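Undergrad: For reference, the chains in residue letters:
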Amino acid sequence: MFKIAYYPGCSGQGTSLEYDSSTRAVCKALDVELVDIPDWSCCGSTPAHTVNHVLSAALSARNLAQVEVMGMDKVTTPCPSCLTNLRTAAHKMEDPGFRTKTNALLDVPCNGNVDAQSVLQVLTENVDLELVRSKVVKPLTGIKIACYYGCIMNRPPELMRFDHHENPMAMDNLMTALGAEVVPFALKVECCGASYGIPRNDIVTRLSGKLLDAGRDVGADAFVTACPLCQMNLDLRQGQINHALHEKFKIPVFYYTQLLGYALGLDRAVLGFEKLCVDPRLALGKIKQPAQAR
Amino acid sequence: MRIGVFICHCGSNIAGTVDCPSVAATALTYPDVVFSTDTMYACSEPGQDAIIQAIKDKNLDGVVVASCTPRMHEPTFRRTVERAGLNRYMFEMANIREHVSWIGKSKDLNTGKAAELVRMAVEKLRRDKPLIPKRFETVKRVLVIGGGVAGIQAALDCADGGQEVIMVEREQTIGGKMAKLDKTFPTVDCSSCVLGPKMVDIAQHPNITLYACSEIEAVGGYVGNFQITIRKKATYVNWKDCTGCGLCVEKCPSRKLPDKFNENLCNAPSINIPFPQAIPKKAAINAESCIMLTKGKCGLCAKVCPVKCIDFEQKDELINVDVGAIVVATGYDLFDWHKYPQYGEGRYPDVITSMQYERMLSASGPSGGHVKRPSDGKEPKNVVFIQCVGSRDKSVDRPYCSGFCCMYTAKQTILTKDHIPDSQSYVFYMDIRSPGKLYDEFVRRAMEEYGAQYVRGRVAMIYPKGDKLIVRGADTLAGTQVEVPADLVVLAVGAESAKGAVQLGEKLRVAPDQYGFFVESHPKLKPVETNTAGVFLAGACQGPKDIPASVSQGSAAASKVLGLLSKKELESDPAVSRVNPARCVGCGKCIQTCPFGAIKEVQDRFGNPKAEVIDTVCQGCGICTVTCPQGAIQLEHFTDNQILAEVNALCPPKMFANYE
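First to last, the protein sequences are chains H and D.
Position one of the first sequence corresponds to residue 1 (our numbering), numbered consecutively onward.
Position one of the second sequence corresponds to residue 295 (our numbering), numbered consecutively onward.
The hints are simulated quantities; they were obtained by calculation from the structure and are not laboratory data.
Heads up, a few of these hints could be off.
[What the hints assert, rightly or not] Which residues of chain D face chain H? A few of them, derived with a C-beta cut under 7 Å, are: (1) P635; (2) Q636; (3) Y757; (4) P758.
[As the list claims (entries may be wrong)] Derived lysine-lysine pairs resembling DSS-like cross-links, with alpha carbons at most 25 Å apart: (5) D:K883 - D:K801; (6) D:K759 - H:K210; (7) D:K675 - H:K210; (8) D:K492 - D:K534; (9) D:K492 - H:K210; (10) D:K688 - H:K248; (11) H:K248 - D:K762; (12) D:K793 - D:K688; (13) H:K144 - D:K883.
The structure displayed is predicted, hence computed values, not measured ones.
Backbone N, C-alpha and C define an ideal beta-carbon position, used for all residues, glycine too.
Work out the full structure, taking the sequences as your base and the hints as a guide.
TA: In structure tokens:
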């Protein structure tokens, strides 16, 4: 059993509850033990580093220090934004001057021995795809999926050091292993508009609308994403997009862990399909029953 | 000995940070120095005359000039002292420019260092002996490596100048990159129509022998007397008999091999003649895909050949030839654009290179001159050109400008309009570099008369939408993002050094720069010479070049060769190793270490083994002198005693008067 510290991130407690619960469920099913960081705190998110880099790093480093206290050297988080903050903090603290300043703000100093990885990276690098394939009880045969990675999961490549920064394949390979048909979606790492949903909604509707349009063009029945904010923009704001662009998109946007859990036959309650705004039943209905698939 | 010392100011180059009069005054205190002065430009005519005058007036028998690097002006000053009646080896040079004034800022320290370098030179000069160069005959034959347009021009000029020429071409045909082009800028004349006749001249010239499908295996010897081994690769076709009728090409059933000449746009048969105007027009079999050579059955070509020239048993052949001079014209290769992930890394078939587009435009290309998208064969309407793909980009280790891409892109936009009148071209560029006769006018014509839309900015990504490719980039003049729906995207790939250039350079002892282009002897004044005497450069192997520049350099290299071989005899450098037979114990260590094979074993009159240096082969590197356990080999003009005298001048041995 592979054991790793787990940082859920704030959105996992609210807007992306289903991402958190499905992540925990699939990791358990695939023999990856997630150990929650006790007393974890916010990574600083976008606001902190726009104001003060030291403060922002300290917020993330506090969590990394907690992992060190746990006696572990690896932490994983489902949220790419948290991941960027954790990795950026660790990277900046390689500079001794910066580390001294940051540690001055912390009760427990951070020594910089912890490597932060996305859950997707942990699953990709520690779970054999053959094992995943062997555990599939409900193959996703029949559904066409566009894999959308978001703009910060793999970039900047020098910092994130995972998968290809222009054409990542981790989710594509995973979905293919589950039996789904992955469509050649070209805008895998394009921006969805991120946190502009509130101050400049027009930017999000334009950018996310483009993503949905590109997905529809290549015949996607559904999107899978690995980012709470991407998921929110594409799913929750799909109505706004339709309104702004005079479109009629009705494409459900899953977390990849939800479909992974579905294929592994996990309890529907923990996968949280009911949390999605765009009704996923039509898309899920395209999945052929195992008997049919044969 | 009476030594004169001349300290050069080199304008302010040296005098700016070195107190030259003070160095001259210090030099006068050195042993044997009877005359010392400073001079504004020692290399100028009055400067040289002053040296000659001083030699005569002061009855000098040795001269030290402290100025720039000896690579620059040692030959100049050697001639100067020779004109004054001294032996040219009774001269020493101290480099106080590159080694002192250009690298140090403190005038005091610089002046001290300059004086010490002059002192070293004086000590060496005190132990110099007059040396007389030997003379040797040159082989009146030239080797031209590479049959592109630069090599062709060099070969024809040498052959017309009366020299015998051996041309070695790696590919099956000569013509190089130019033979693949459709039209040339800025005249838009047909490339193969202007090159074709020159290729035919190569084949028909009585003074030229062409070895195609051949590479240089080994190079020995020295200027005037190179020994070359050529590997003629097996073509499995007896070229003496092959008439180039093409019947075998027509009948060959194996057509899985991508056609290299057509930039992999189509497949080629395993036995092939690359294009109708190929020189030599002979068929050759690709052993990797030939059914007979891989599986042992087929042999259809042998059956249909009217002159029975197919020979499946053919082996590589080694040919030895002596030449007096070598012209390297190995050209360039195109940058591999797959290093740019934002252009799709090959996922989108309608993203092609400029050279592929060139083959598409060419009437003898795979589509017969019709522009067709590789994906669906449709005629494109919107064509987007992206410049600087592998040029001026540090991130892919290609910081240099390839020079010709701006021009060929402009040409391709014009040709696009000619081929498809209702098409629209877009060009994403960084800067337009068109410094050449009629070049900028040509680019303006592409914009103004042919309506090419030039967008200044880099492309961030290409992605498919429907059957189009969306090209997204920055428009830095408008300060906005632009997206252009394209039917076809043409990448203006830059130039990089030819594959295998570095390995060839090792054989020829010609150094490549960090990007693999060969280094010329002087960037301004010796553009076709190399630091190896008798080896000259032509064309893009020295750096990216367009056709006019390559041809000019081909002719320039030829004129250098003709100048060299017009001398009946050449002088060898007498600064070579010499064996003292009384000290030599015949151990043979020097024979093993000499990289040039310049030492042979002989017997003295008692039958004892002794080493002997072959003067004309020795390059004066000095490896043997440090190898010899007896100190029996000394390099003339750089003897152990001279080097030690220089060291002692720099660090005088301490004398201890008292041992208490």
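Undergrad: None of the hints should be skipped; say for each whether it holds.
TA: Hint check:
Because the beta carbon of D:P635 sits about 4 Å from the nearest beta carbon in chain H, less than 7 Å, this interface hint is met. Because the beta carbon of D:Q636 sits about 6 Å from the nearest beta carbon in chain H, less than 7 Å, this interface hint is met. Against a cut-off of 7 Å between C-beta atoms, the interface hint on D:Y757 holds, since the closest Cβ of chain H lies about 4 Å away. For D:P758, the interface hint holds, since its Cβ comes within 7 Å of a Cβ in chain H; the closest pair sits about 5 Å apart.
For the suggested pair D:K883 and D:K801, the alpha carbons sit about 24 Å apart, so the restraint of at most 25 Å is met. For the suggested pair D:K759 and H:K210, the alpha carbons sit about 11 Å apart, so the restraint of at most 25 Å is met. For the hint linking D:K675 to H:K210, the alpha-carbon distance of about 24 Å falls within 25 Å, and the restraint holds. A threshold of 25 Å between alpha carbons decides the hint, and for D:K492 with D:K534 the separation of about 22 Å falls inside it, so the pair holds.
Pair hint D:K492 plus H:K210 does not hold up; C-alpha atoms about 55 Å apart against a cutoff of 25 Å. Restraint check for D:K688 and H:K248: the C-alpha separation of about 45 Å exceeds 25 Å, so the hint is violated. For the suggested pair H:K248 and D:K762, the alpha carbons sit about 23 Å apart, so the restraint of at most 25 Å is met. Restraint check for D:K793 and D:K688: the C-alpha separation of about 20 Å stays at or below 25 Å, so the hint holds.
At most 25 Å may separate the alpha-carbon atoms for a hinted pair to count; H:K144 and D:K883 exceed this at roughly 75 Å.
Violated hints, in rising order: 9, 10, 13; the structure is consistent with all others.
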